[in-house]
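Asker: I would like the entire structure built from these sequences, with the hints used as guidance.
Each protein sequence line maps, in turn, to chains A and B.
Just so you know, we're using this note's numbering here: the first sequence kicks off at 1 and counts up by one.
Just so you know, we're using this note's numbering here: the second sequence kicks off at 1001 and counts up by one.
Treat each hint with caution, since some may be false.
[What the hints assert, rightly or not] Below, simulated DMTMM-like cross-link-like pairs (lysine to aspartate or glutamate); rule was C-alpha separation at most 20 Å, straight line:
#1 A:K293 / B:D1075
#2 A:K380 / B:D1201
#3 A:K380 / B:D1076
#4 B:K1141 / A:E273
#5 A:K380 / B:D1075
#6 A:K275 / B:D1075
#7 A:K380 / B:E1012
#8 B:K1092 / B:E1012
[Said to hold, decoys possible] Just a sample of chain B residues kept apart from chain A, beta carbon distances all over 10 Å, derived:
#9 N1017
#10 S1056
#11 R1069
#12 L1080
#13 I1096
#14 A1171
Think of the hints as simulated: they come from the structure by calculation, not from any bench.
Everything numeric in this text was worked out from a predicted model, so none of it was measured.
All C-beta atoms in this analysis are idealised placements derived from N, C-alpha and C, irrespective of residue type, glycine included.
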Amino acid sequence: MQYAINSLLRQKTKTIFIIIIFTILTFLLTSIFFITHSIKYELDTTANNLPQIIIQNQQAGRLTNIETTILDDILQIDGVSDAIGRVWGYYYFKQANVNFIVMGIDNFENQYKKSFTNISNKYDLSDNNSMIIGNGVKKILKKNYYTDYFNFITPGGTLKKVNIKGVFNSNIPLESNDIILTSKDVVREIFGIDEQYFTDIVVKIPNPKEVNTIATKIKQLYPNTKVITQEQLKVSYQEIFDYKSGIFLVLFIVALFTFFMIVYDKSSGLSSEEKREIGILKAIGWKVDDILKEKFYESFIISFFAYLVGVISALIYVYILQAPLLKNIFIGYSALNVDFILPFVLDTQSLFLVFFLSVPIYIAATIIPSWRTATIEADKVLR
Amino acid sequence: MIKLHNLTKIYELNKNNKVVALDNINLEFQQGELIILKGASGSGKSTILSLLAGLSKPTNGEVIIQDQRISKLPDDFLALFRRENIGFIFQKYNLIPTMSVWENIALPLIPTNPDETILKEKLSKVMQQFNISHKENSIVKNLSGGEQQRVAIARAMINNPNIIIADEPTANLDEKLSLHFIQILKQLKSSNKTIIVATHDPLFFDLDFVDKIINIHNGRVQ
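Answerer: Structure, rendered in structure tokens:
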């Protein structure tokens, strides 16, 4: 082992070069895995928290607000435990070029999400001039000097001042990051939604097996509506994710291709100095095993060290620095542009995959040509 | 005793081009002898040394050293045999240029994982014997030819082998250093080592402590 370490130190420039290339490739591969895994985890959790059925109104093939009277009819359908009319929309904040989701919740109502129930229990929003904001919204507003309140511009051009009462911290950052929660009346005022309308209606069904049947019933009752089930939403989320992960796949393939080019180059032969060193070692009494053991240690030290540095750098890059540049490819799945924190999910499978794709392959690429040279007569190698 | 029996070595350069380097050589050397193999370049001297050290295998015939048919030994046993019995001083020294003096000398011992104290003792002894202690930590590529040769001798001697083989040892040395090397040979012979030197340097031919001078010409003993 000591000989292997000394040998690597003797060839400092070459060793450092290999370690740098190896580290960059490991870092890239691991970062890609970490980012996709974190976002996939986040999307899965978000999708599982979606309402079982969402009913939207359509007019002339376009989505429009839905009448509040429909709510009572929905509640009459067998198997429906609750139906909640939602009032919400995207508010474009020009100064920061971002969209916030402004969602209305009334304290007296049942909420369709546990996180909203918690907010409703904790904060009283019935004063019609207060709001709870997500972390991403908070950061952006703070950058624009709105620390205590924010002035929304209504469709009529007037300002609606709403005080910031608290910060919304959900277990799912992707869901809560860009959201503003306030009373339904405030949302109606900001977006100009009439009291007789909701943006959409969410339906709770205790028995998941009945979801599709109830969705069909609603569609039959109101042919103009668009009825979306949780399963359909999951599929559309997955499609967006798959499209974005295609971009990552390209990066992944490029990184992998570069690595295998290096491995191929290495395995295709040793330099004349390397061959000569093996010849000398054989001539002075080293067995083939001794030489291969030494080469194993050398390649293991290089590849494992580079792997560790690559993985640690990827952990820092993804979870501490929040993957600048790469993250932007994924985030903003609702055309949003707010800060989103990648949740830390230890992806051991990916770590093993990157390990087995890099370390053993590099070791083999070092040992095989060394073995070829070491099994030739020393006299031939030295000539 | 060392015996070369009907030894033939043919190098096959390609299908139609074969070079007979040694042609049916028969020689015997006794323990403690100093033998000079003389002959022009390409006469086959180095090939004999290479076969003696087991660095290559004969096309026909065999090399018997201390009753062991070394030309029939498998590669790994041959390496072990070489490590324990043979010290080879190469014409171009064959040192690893980026290593220090002591690292080069210690190389034959590395696979045996020697105890650090024993390793230091052995190193100190050979480095003193061949007057290279003061360059212990110098990088070999920065040494003079004479110093590099002493490192090569020290490396060949670190395992205290019975047989010392030297291939054109004075080819890269001036006369003063060549005479110094001859003194080292004398010193080694006095400790009953069998020494085989391949050379065409006339300095070796009139030495009173040489036991045999064998003339090799076109792969044959003359």
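Asker: Under the criterion that the straight-line Cα-Cα distance not exceed 20 Å, is the pair A:K380, B:E1012 satisfied?
Answerer: holds, 12 Å
Asker: Can the restraint linking A:K380 and B:D1075 be considered satisfied, given a maximum Cα separation of 20 Å?
Answerer: It holds: about 14 Å lies between the C-alpha atoms, which stays within 20 Å.
Asker: Determine whether the non-interface label on B:L1080 survives the test: each CB of chain A must be over 10 Å from its CB.
Answerer: violated, 7 Å
Asker: Need the status of pair A:K380, B:D1076: alpha-carbon distance at most 20 Å?
Answerer: holds, 17 Å
Asker: Sort out whether A:E273 lies within 20 Å of B:K1141, counting only the CA atoms.
Answerer: holds, 14 Å
Asker: Verify the proposed pairing of A:K293 with B:D1075, using a straight-line Cα cut of 20 Å.
Answerer: holds, 16 Å
Asker: So B:R1069 supposedly isn't at the interface. Is its beta-carbon more than 10 Å from every beta-carbon in chain A?
Answerer: holds, 17 Å
Asker: Mind verifying the non-interface call on B:N1017? Its CB should be farther than 10 Å from each CB in chain A.
Answerer: B:N1017 clear of chain A: closest Cβ-Cβ about 16 Å, beyond 10 Å.
Asker: Does B:D1075 sit within 20 Å of A:K275, going by the straight-line distance between their CA atoms?
Answerer: Holds. A:K275 to B:D1075 sits at ~17 Å (cutoff 20 Å).
Asker: Classify the label on B:S1056 as holds or violated, using whether its beta-carbon is more than 10 Å from each beta-carbon of chain A.
Answerer: violated, 4 Å
Asker: Test the statement that B:A1171 is away from the interface with chain A: the closest C-beta pair must be farther apart than 10 Å.
Answerer: holds, 15 Å
Asker: Test the statement that B:I1096 is away from the interface with chain A: the closest C-beta pair must be farther apart than 10 Å.
Answerer: B:I1096 not clear of chain A: closest Cβ-Cβ about 6 Å, inside 10 Å.
Hints 2, 8, 10, 12 and 13 from the list above are not met by this structure, while the remaining hints are.
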